[in-house]
Amino acid sequence: MMKKLLLCSVVAFGLTACGGGDAPSGDTPSATKAAVTTSGRDQIKIVGSSTVYPFSTTVAENFGRSTSFKTPIVESTGSGGGLKLFCSGVGENHPDITNASRRIKKSEVDRCAENGIDDIIEVKIGYDGIVLANSRKSDQYNITLQQLYLALAKDIPNGNGGTKPNDNEMWSDIDSSLPNIKIEILGPPPTSGTRDAFVELAMEGGCKTFDFIKDMKSSDKAMYKSLCHTIREDDNFVEAGENDNLIVNKLNANPDALGIFGYSFLEQNADSVQGTIIDGVSPTFENISDGSYPVSRSLYFYVKKDNIGVVPGIQEYVLEFLSDRASGDDGYLAEKGLIPMLPAEHKQWEAKVEKLEPLSLN
Amino acid sequence: MPDYLLTTSPQMAKRHARHKRFQWYGRIAIGISISFMLLMFTAIFFRGIGAFQKTMVAVDVKFTESQIDPSGTRDEATLKQANYKPILLQGLQQLVPEATDRRERNQLYKILSNGAAFDLGERVANDPDLIGTSKRVWVAASSEVDLYVKGKIDPVEIPEDLRRLKDQDIAWVERFRESGQLKKKFNTTFFTTGDSREPEMAGILSAALGSFFSLLICFLIAFPLGILTAVYLEEYAKKSRLTDMIEVNINNLAAVPSIVFGLLGLAIFLNFFNLPRSTPLVGGMVLALMTLPTIIIASRSI
Amino acid sequence: MELSQDLTLRRASRSSQIREYAIQGALIACSLVAIFTTIGIVASLAFEAIRFFAKIPIGSFLFGLEWSPQTAIRADQVGATGAFGILPLLTGTLLISFIAMSVATPLGLLSAVYLAEFANTKTRNIVKPMLELLAGIPTVVYGFFAALVVAPLIRGGGAEVGLQISSESALAAGSVMGIMLVPFISSLSDDVINAVPQALRDASYGMGATHTETVTQVVLPAATPGIIGSLLLAISRAIGETMIVVMAAGLAANLTANPFEAVTTMTVQIVTLLTGDQEFDSAKTLAAFAIALYLLVLTLGLNIVALKLVDKYKKKYA
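Residue numbers (this note's numbering), protein chains in the order written: chain A, 937 to 1298; chain C, 3 to 304; chain E, 2 to 319.
There may be inaccurate statements among the hints.
Partial list, computed: chain A residues near chain C (C-beta under 7 angstroms) [said to hold, decoys possible]: (1) 993; (2) 994; (3) 1001; (4) 1002; (5) 1265; (6) 1268.
Computed list of lysine-lysine pairs in BS3-like fashion (alpha-carbon distance at most 25 angstroms, straight line) [to be verified]: (7) C:82 with A:1272; (8) A:1283 with A:1272; (9) C:22 with E:129; (10) E:123 with C:22; (11) E:309 with C:240; (12) A:1090 with A:1118; (13) A:1041 with A:1150; (14) C:87 with C:137; (15) C:186 with C:137; (16) C:16 with A:1272; (17) E:316 with C:241; (18) C:154 with A:1073; (19) A:1272 with C:112; (20) C:152 with A:1073; (21) A:1100 with A:1157; (22) E:317 with C:241; (23) A:1090 with A:1161; (24) C:82 with A:1006; (25) C:241 with E:313; (26) A:1006 with C:152; (27) A:1006 with A:1090; (28) A:1272 with C:22; (29) A:1283 with C:87; (30) A:1090 with A:1100; (31) A:1241 with A:1291; (32) C:64 with C:87; (33) C:240 with E:315; (34) A:1041 with A:1288; (35) A:1006 with A:1060; (36) A:1100 with A:1161; (37) A:1144 with A:1006; (38) E:129 with C:241; (39) C:152 with A:1272; (40) A:1073 with C:168.
Derived from the structure by calculation, the hints contain no laboratory data. Quick reminder that beta carbons are idealized off the backbone N, C-alpha and C, glycines included.
With the rest of the complex left out, here is chain A (with noise of 0.2 angstroms):
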């Protein structure tokens, strides 16, 4: 009887790991814009960026907590994965609110009115570090974007005008001033945010500083995206998922690996590991906030405008992340490493959201 209730325990836990994944969308081409029907639910539910997942756990619990309305349910799944999911349809199954930390982009807005949702209401709230960093048990590293690109890329400039496969093992060949150690860098997956966010900030920023990559720029778009986005598949550079925690514990366990994550759970783990110093610039508070930083990007999260009324509590929600006490300078959010709005911006969000305005792509 004890080993049965122990063999299920056993299984259990193996379910755990593979049931943490989200549903299948069934794509649902037609929805009509008839009344949501999410009669059933009382309890809001968000997806999306793995990065905005502590900022929006917070104010989730913090929401829960002090009100009458159910805790909302978050799940990290990626901004591209969030996006996709709520755009997916209208109604129960799918989720009213998406992180992102990046913005929305045209063809996801296309696939959301195709799917019946014309009105989204973009927040944004606040910015973000990505940050290159290896565990403190090793020297920091200090590195120019270029060097960062030549590290990471799937094809390099070969010195003559083309390119050639990257064939750059350790950090000492791309320049002898670096260290002799093996290349080995821990990223996100193509469904994370933090990934679409790094390959546009700091890999095209490295690509940029090649003259003829940067002439491709006009002349051949599509082979200047795939010469700078495309990030190698060999053993140099690891898909650790979108756990960003799992990232940090393993540069813990391994100090010759660096890993690429937002600058939140390099604040929260300061004490452990290290940010890299990239362009002469440090990955700090001040640095990201003022611009200086050059891998910085801002985060939003999304609204369905018609399930506002519908599921309890979302405008109150929004309401809550946008506060004071909340985004602000001396929110409980910029504690875990959210870098807030200055107050002028963030109070025109604030006015914006409260309007209820819908997205417009300019």
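Could you slot chains C and E onto chain A? The hints should help.
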């Protein structure tokens, strides 16, 4: 072995020595396995035992009506959403009167957990008569203070800029400790709350309930099905193609890796039948299917 | 008197007959659940796997040397190329299972032999339950221990002697998995050894052999098919093990035989592919089902061979 056999010849002695050695191999093998188990238990025990105690801070608070419920409605939502931070700060400042400017006050408040204010809110909402009184309340300390008190943060070894708990915070914490207002107490929140973003407010209740319900459903399905199947196969079934097939199936199912059952649940229960995700129902059903073969085989041998 | 008794008997027997049939029917239905489960498993895996093989040719799956499944999820995104060769996963799985078996086989067999042949009843009654306890520990606890205690220890030890050992080495995951398998092998072998007829042992003693010589030269050879069967069952368990490797093994596919490097297994990849974005018409998610089907065929194959061996052995001595 009888002694005279040992002394008869050198070959006998050698064979006897081999016999003794072999026995030792067996004992060593058992010893390794069991000591590994003990090692695992002690490692986990010592890493985990700290969680059963939580550092709490005693704060003398005044539940002033003007700060909590100025309009006097005693409405639950208002009571819960009132701003308890200044009330707690006032209490803290009694022991640390020199923290006057904004930065220092924020720093002082960080000794307490973020959940302390919500705790107070819930207490007042449950007992509105507290308004207007002064009391000493025990609230949770923040996780950094908790780690420090448990000895996991060594202020000497780790330089100040690498720590989240600065030297001044530590000085204040010691002041509270000396006056008896900071103590380690048994961590009841570990058992009474669910997940939380704040480490000191987290508990295993939601996970425990999830396990409990999944297992409940698993047993409710698997035990009757399993025992009835075993009874049928033992008592009623005649030797036929059908019973052969059933027996072969059961033996095979017992050896299928558990992850395959998970995929079965994903594809059929979630995808095909569209059952709600992450519910104990689906979890229990898949668990039941997985343990069914083992139950049947075990019951049959009984 | 007798007439009414007759009537009652006949009425009782008819209603009890209906009850009999009803009960039998219910029991048959219960038993059929086992068949439906198997059908369900095979159907769900095969169905999705077929959709997978419609996108990725089966040859490149079975014989491909590269595993890089993280394809882009949007049209304007650039992701990985999407190579779906299973061989790196297979070698990773086999490497870890091999390490596990090298730990578990000597420990398990020696323990079984000692307990079956040499230990007195008192020792048996204490030690056997302790070994069973090892079997009852949830694998997630093993995984936790492997990732947080064993792996850093091995890494540190390697650093002392100048070896570069990964923090997610196959050695760490494999050795802990081995310990997990010890009670498995021990109890199966115990049954097998006890099944060897006493007559064989008596004959050996009669010829003047020591106890150890009897065990090593008579009992164990006789029990060999059964022991091999139990080893095969243990291998099949090791191959299908999920939790320990999810926590302690790596995520990057690596075609190597070096136990100090990080490898990934089929089960870890199934988990990675299914957590996060799930779209049931992308090759990425369907690949999980293809891997599971492969895994199922592999473990079932091993089990069938193992059971046949144990059967043959039992028939020899029954």
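Hinted pair, alpha-carbon criterion (25 angstroms max): residue 240 of chain C, residue 315 of chain E. Please report holds or violated. Holds. Residue 240 of chain C to residue 315 of chain E sits at ~23 angstroms (cutoff 25 angstroms).
Less than 7 angstroms between beta-carbons is the criterion; does residue 1002 of chain A satisfy it with respect to chain C? holds, 5 angstroms
Please verify whether residue 1090 of chain A and residue 1161 of chain A have alpha carbons no more than 25 angstroms apart. It holds: about 12 angstroms lies between the C-alpha atoms, which stays within 25 angstroms.
Run the distance test for residue 1006 of chain A versus residue 1060 of chain A: straight-line Cα separation, threshold 25 angstroms. Distance of about 24 angstroms is within 25 angstroms: holds.
Are the Cα positions of residue 154 of chain C and residue 1073 of chain A separated by 25 angstroms at most? holds, 18 angstroms
Return the status of the interface hint for residue 994 of chain A: holds when the least beta-carbon distance to chain C is below 7 angstroms, violated otherwise. holds, 4 angstroms
Given the hint that residue 241 of chain C pairs with residue 313 of chain E, does the C-alpha gap stay at or below 25 angstroms? holds, 21 angstroms
Given the proposed pairing of residue 152 of chain C with residue 1073 of chain A, does the C-alpha separation stay at or below 25 angstroms? holds, 24 angstroms
Against the 25 angstroms threshold, does the CA-CA distance of residue 22 of chain C and residue 129 of chain E hold or violate the hint? It holds: about 21 angstroms lies between the C-alpha atoms, which stays within 25 angstroms.
Hint check: residue 1272 of chain A vs residue 112 of chain C, CA-CA at most 25 angstroms. Holds or violated? holds, 12 angstroms
Supplied contact hint for residue 1268 of chain A, tested at 7 angstroms Cβ to chain C: holds, 6 angstroms
Distance restraint between residue 309 of chain E and residue 240 of chain C, which requires alpha-carbon spacing of 25 angstroms or less: Cα-Cα ~23 angstroms, so holds.
Hints 5, 16, 26, 27, 28, 37 and 38 from the list above are not met by this structure, while the remaining hints are.
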